[in-house]
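Trainee: Okay, here's what each chain looks like letter by letter:
Number of protein chains: 2
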Amino acid sequence: MDIPTQSTRVLLNARPTGRPTHADFQVETVDLPPLATGQVRVVNEFCSVDPYMRGRMNDVKSYVPPFALGEPLVGAAVGRVVASEADDVAVGDVVLHGDGWRDVAQLDAAAVRVVEEVPGVPTSAFLGILGMTGLTAWVGLTQIARFREGDAVLVSGAAGAVGSAAGQIARLKGASRVVGSAGTPEKVAALVERYGFDAGIDYRAAPIRSQLPDAAPDGIDVYFDNVGGDHLEAALDVMTTGGRVALCGAISAYNATEPQPGPDNMTNVVTRSLTLTGFTLAAYQHHMPEFLAEVGPWVRSGELVFDETVVDAVGDVGRTVDAFLGLLDGENTGKMVVRTA
Amino acid sequence: MDIPTQSTRVLLNARPTGRPTHADFQVETVDLPPLATGQVRVVNEFCSVDPYMRGRMNDVKSYVPPFALGEPLVGAAVGRVVASEADDVAVGDVVLHGDGWRDVAQLDAAAVRVVEEVPGVPTSAFLGILGMTGLTAWVGLTQIARFREGDAVLVSGAAGAVGSAAGQIARLKGASRVVGSAGTPEKVAALVERYGFDAGIDYRAAPIRSQLPDAAPDGIDVYFDNVGGDHLEAALDVMTTGGRVALCGAISAYNATEPQPGPDNMTNVVTRSLTLTGFTLAAYQHHMPEFLAEVGPWVRSGELVFDETVVDAVGDVGRTVDAFLGLLDGENTGKMVVRTA
Numbered sequence: 001m002d003i004p005t006q007s008t009r010v011l012l013n014a015r016p017t018g019r020p021t022h023a024d025f026q027v028e029t030v031d032l033p034p035l036a037t038g039q040v041r042v043v044n045e046f047c048s049v050d051p052y053m054r055g056r057m058n059d060v061k062s063y064v065p066p067f068a069l070g071e072p073l074v075g076a077a078v079g080r081v082v083a084s085e086a087d088d089v090a091v092g093d094v095v096l097h098g099d100g101w102r103d104v105a106q107l108d109a110a111a112v113r114v115v116e117e118v119p120g121v122p123t124s125a126f127l128g129i130l131g132m133t134g135l136t137a138w139v140g141l142t143q144i145a146r147f148r149e150g151d152a153v154l155v156s157g158a159a160g161a162v163g164s165a166a167g168q169i170a171r172l173k174g175a176s177r178v179v180g181s182a183g184t185p186e187k188v189a190a191l192v193e194r195y196g197f198d199a200g201i202d203y204r205a206a207p208i209r210s211q212l213p214d215a216a217p218d219g220i221d222v223y224f225d226n227v228g229g230d231h232l233e234a235a236l237d238v239m240t241t242g243g244r245v246a247l248c249g250a251i252s253a254y255n256a257t258e259p260q261p262g263p264d265n266m267t268n269v270v271t272r273s274l275t276l277t278g279f280t281l282a283a284y285q286h287h288m289p290e291f292l293a294e295v296g297p298w299v300r301s302g303e304l305v306f307d308e309t310v311v312d313a314v315g316d317v318g319r320t321v322d323a324f325l326g327l328l329d330g331e332n333t334g335k336m337v338v339r340t341a
Numbered sequence: 001m002d003i004p005t006q007s008t009r010v011l012l013n014a015r016p017t018g019r020p021t022h023a024d025f026q027v028e029t030v031d032l033p034p035l036a037t038g039q040v041r042v043v044n045e046f047c048s049v050d051p052y053m054r055g056r057m058n059d060v061k062s063y064v065p066p067f068a069l070g071e072p073l074v075g076a077a078v079g080r081v082v083a084s085e086a087d088d089v090a091v092g093d094v095v096l097h098g099d100g101w102r103d104v105a106q107l108d109a110a111a112v113r114v115v116e117e118v119p120g121v122p123t124s125a126f127l128g129i130l131g132m133t134g135l136t137a138w139v140g141l142t143q144i145a146r147f148r149e150g151d152a153v154l155v156s157g158a159a160g161a162v163g164s165a166a167g168q169i170a171r172l173k174g175a176s177r178v179v180g181s182a183g184t185p186e187k188v189a190a191l192v193e194r195y196g197f198d199a200g201i202d203y204r205a206a207p208i209r210s211q212l213p214d215a216a217p218d219g220i221d222v223y224f225d226n227v228g229g230d231h232l233e234a235a236l237d238v239m240t241t242g243g244r245v246a247l248c249g250a251i252s253a254y255n256a257t258e259p260q261p262g263p264d265n266m267t268n269v270v271t272r273s274l275t276l277t278g279f280t281l282a283a284y285q286h287h288m289p290e291f292l293a294e295v296g297p298w299v300r301s302g303e304l305v306f307d308e309t310v311v312d313a314v315g316d317v318g319r320t321v322d323a324f325l326g327l328l329d330g331e332n333t334g335k336m337v338v339r340t341a
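Sequences listed follow chains A and B, in order.
Position one of the first sequence corresponds to residue 1 (full-length UniProt numbering), numbered consecutively onward.
Position one of the second sequence corresponds to residue 1 (full-length UniProt numbering), numbered consecutively onward.
I should point out that these hints are in silico values taken from the structure, not numbers from a laboratory.
These figures come from a predicted structure and were not determined experimentally.
There could be a bad hint or two in this list.
Stated by the list, open to error - Within a straight-line C-alpha distance of at most 16 Å, the following computed EDC-like cross-link-like pairs (lysine to aspartate or glutamate) qualify:
| hint | chain 1 | residue 1 | chain 2 | residue 2 |
| --- | --- | --- | --- | --- |
| 1 | B | K173 | B | D198 |
| 2 | B | K61 | A | D108 |
| 3 | A | K61 | B | D237 |
| 4 | B | K61 | A | D218 |
| 5 | A | K173 | A | D202 |
What the hints assert, rightly or not - Examples of chain B residues lying across from chain A (beta carbon under 8 Å, computed):
| hint | residue |
| --- | --- |
| 6 | C248 |
| 7 | G249 |
| 8 | G262 |
| 9 | P263 |
| 10 | D264 |
| 11 | N265 |
| 12 | M266 |
| 13 | V269 |
| 14 | S273 |
| 15 | T277 |
| 16 | G278 |
| 17 | F279 |
| 18 | L281 |
| 19 | A283 |
| 20 | H286 |
| 21 | H287 |
All residues carry an ideal CB built from backbone N, CA and C; glycine is no exception.
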């Protein structure tokens, strides 16, 4: 294979208002400079698109700085090294790094992490179940919500990559009941049939608040929240005393242009002695070995299954934008990844 | 003194809708039966009225069962034993018990706790700073919000009994800044001048959300919430990353007949990795010795001051209702107690 000399990448053209559109993005192809000492050139096999990226498109202070206007977007990617001027990274290595949204990346070797391929598992797994996605599910459940064997667990956005992992980890660790919500009948069916949830709720069929009591007749001890809004409100109705909520995301609010009212039953937090804990993964990366030790065997044995929705952007990097918009619209089942090679 | 043979007490006549009125209560005088073996008769010196009692007047499941219609109200009281058929409680003992809202109580000795009078301190202190009130403040700050020396602390309802104790304990334990909110200019002045807060906010003068950023220019690490509603929303705006909120009460919602919208900035809980923990004291009573060991000396030395608003109900037990309604309207400074003897 010839070593590529150009990189095609996606820029942030404008800050989206509400739902992003294609006009907010722009694709450009640039010539790469010669490799400097210590640098590597990587052909990205897969790039990740994630809900948190929507937040970075706004010009607001958050746990990660906003994307700069007119600059290339970034995000997790996995690829193969095609050229190296670094001692510790070799041509042919599979590496994880942060220069996604492009087909070819060039960066300091210090900014990549070499990973060991797992036979029969595509490298995209390092963007998902064996990477940040799986770790987020595990950390939220075990470290944030302090899951205990026998807990009844609710997961929102449960057909998503994090949600389906969280529900399965709860089941494998001995939950008394695992309930999930999703936005289509097909996804709800997958929760039960594919991921082994005890019950699934289609939150578009009727308000989740009206459906949840039947799905969780004995209440919920642990809620893994990816959605916020009406889902959090519904959960607060049925949480048991001493219940714990891990707040992992708030998809319901990402596109909102007006502040959204919060749950109208926050007094339950007091009267039921609930704990709501928001988290981002930054402070929990050190749990990766413990996570891999517990979850890795389940993935290899097939006890824990994972799905990917792969958008093919080979030769058309602009399709990364389609993948991102589809993610925000809930078109994915499992982790949304973009194939770029 | 003759041993009283009657008890005058307050019944719940109707379940209040919104703000309670006198029509929701009824006063009755009954003859007491002869003391049975193991019982004591207590002349109540002080009875407590507390915000949580409003919740018990609704017919809804909560952490304490609702008051029964047509039955006497109950609540914390401190009094002196005037007759005893129990081995371990003597005439003249000062006892804490749960049969308040009345002038004379008769109950099993097992249901009272003998306390040791502190010279120069009225027995009403056992209903407040040296009792559940002080313990609530200490538990919320140290066990729930995990206060650390150097934290910037916000207390809402800060001129109240729990709030003024929480703010002072925070100061005495080394807070970098203590900010409180209250509902009148006089109370706000007391926060700074009497309780040693660094800043006070009059939440009736302007929305707290607009005032708080100036009062807490470096943000808030620990929020002790007695109010909920707009106060919690304002706090979530300024909480620092990793901040902790102890949710102790929600006075703003107690009289609401419609569900109140929650904070419109709940996504901050995720992006700033906040923890919101509701609590009631039931699970934390065992901290009483640790609490008394730390806070007792501060009370005796005068480093920690406390206020009481005493409503005189001697000979007119019905004035307990006035005290309770005044509490809900914020007419008290410090602990609201009712003198019944």
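Trainee: All hints are to be evaluated individually against the structure, with a verdict given for each.
Mentor: We went through each hint and held it up to the structure:
Pair hint K173 of chain B plus D198 of chain B holds up; C-alpha atoms about 14 Å apart against a cutoff of 16 Å. This hinted pair does not check out: K61 of chain B and D108 of chain A have alpha carbons roughly 60 Å apart, beyond 16 Å. Pair hint K61 of chain A plus D237 of chain B holds up; C-alpha atoms about 12 Å apart against a cutoff of 16 Å. Between K61 of chain B and D218 of chain A the CA atoms are separated by roughly 15 Å; this keeps the pair inside 16 Å, and the hint holds.
Using a Cα cut-off of 16 Å, the hinted pair K173 of chain A and D202 of chain A is violated, with the two alpha carbons roughly 25 Å apart. For C248 of chain B, the interface hint holds, since its Cβ comes within 8 Å of a Cβ in chain A; the closest pair sits about 7 Å apart. The interface hint given for G249 of chain B is met, as the beta carbon of that residue sits about 6 Å from the closest beta carbon of chain A, less than 8 Å. Against a cut-off of 8 Å between C-beta atoms, the interface hint on G262 of chain B holds, since the closest Cβ of chain A lies about 3 Å away.
For the restraint placing P263 of chain B at the interface with chain A, the shortest Cβ-Cβ distance is roughly 4 Å, inside the 8 Å limit, so the hint holds. This hint holds: D264 of chain B has a C-beta 4 Å from the nearest C-beta of chain A, less than the 8 Å allowed. Look at N265 of chain B: its Cβ gets to within about 6 Å of chain A, closer than 8 Å, so that hint holds up. About 5 Å separates the beta-carbon of M266 of chain B from the nearest beta-carbon of chain A, less than 8 Å, and the hint is met.
This hint holds: V269 of chain B has a C-beta 4 Å from the nearest C-beta of chain A, less than the 8 Å allowed. Below 8 Å, beta-carbon pairs count as interface contacts, and S273 of chain B has one with chain A at about 5 Å; its hint therefore holds. Annotation: T277 of chain B was flagged as interfacial toward chain A, and the flag holds, the nearest CB pair being 4 Å apart, inside 8 Å. A least Cβ separation of about 4 Å between G278 of chain B and chain A falls short of the 8 Å threshold, and the interface hint therefore holds.
Because the closest C-beta pair between F279 of chain B and chain A is about 5 Å apart, less than 8 Å, the hint holds. This hint is violated: L281 of chain B has a C-beta 10 Å from the nearest C-beta of chain A, more than the 8 Å allowed. Interface hint at A283 of chain B: satisfied, since its Cβ lies 7 Å from the closest Cβ of chain A, which is below the 8 Å cut-off. Here the hint on H286 of chain B is broken, as its CB sits about 15 Å from the closest CB of chain A, past 8 Å.
Residue-level restraint check for H287 of chain B is violated (minimum Cβ-Cβ distance to chain A is 15 Å; threshold 8 Å).
Checked against the numbered hints above, the structure breaks hints 2, 5, 18, 20 and 21 and satisfies the rest.
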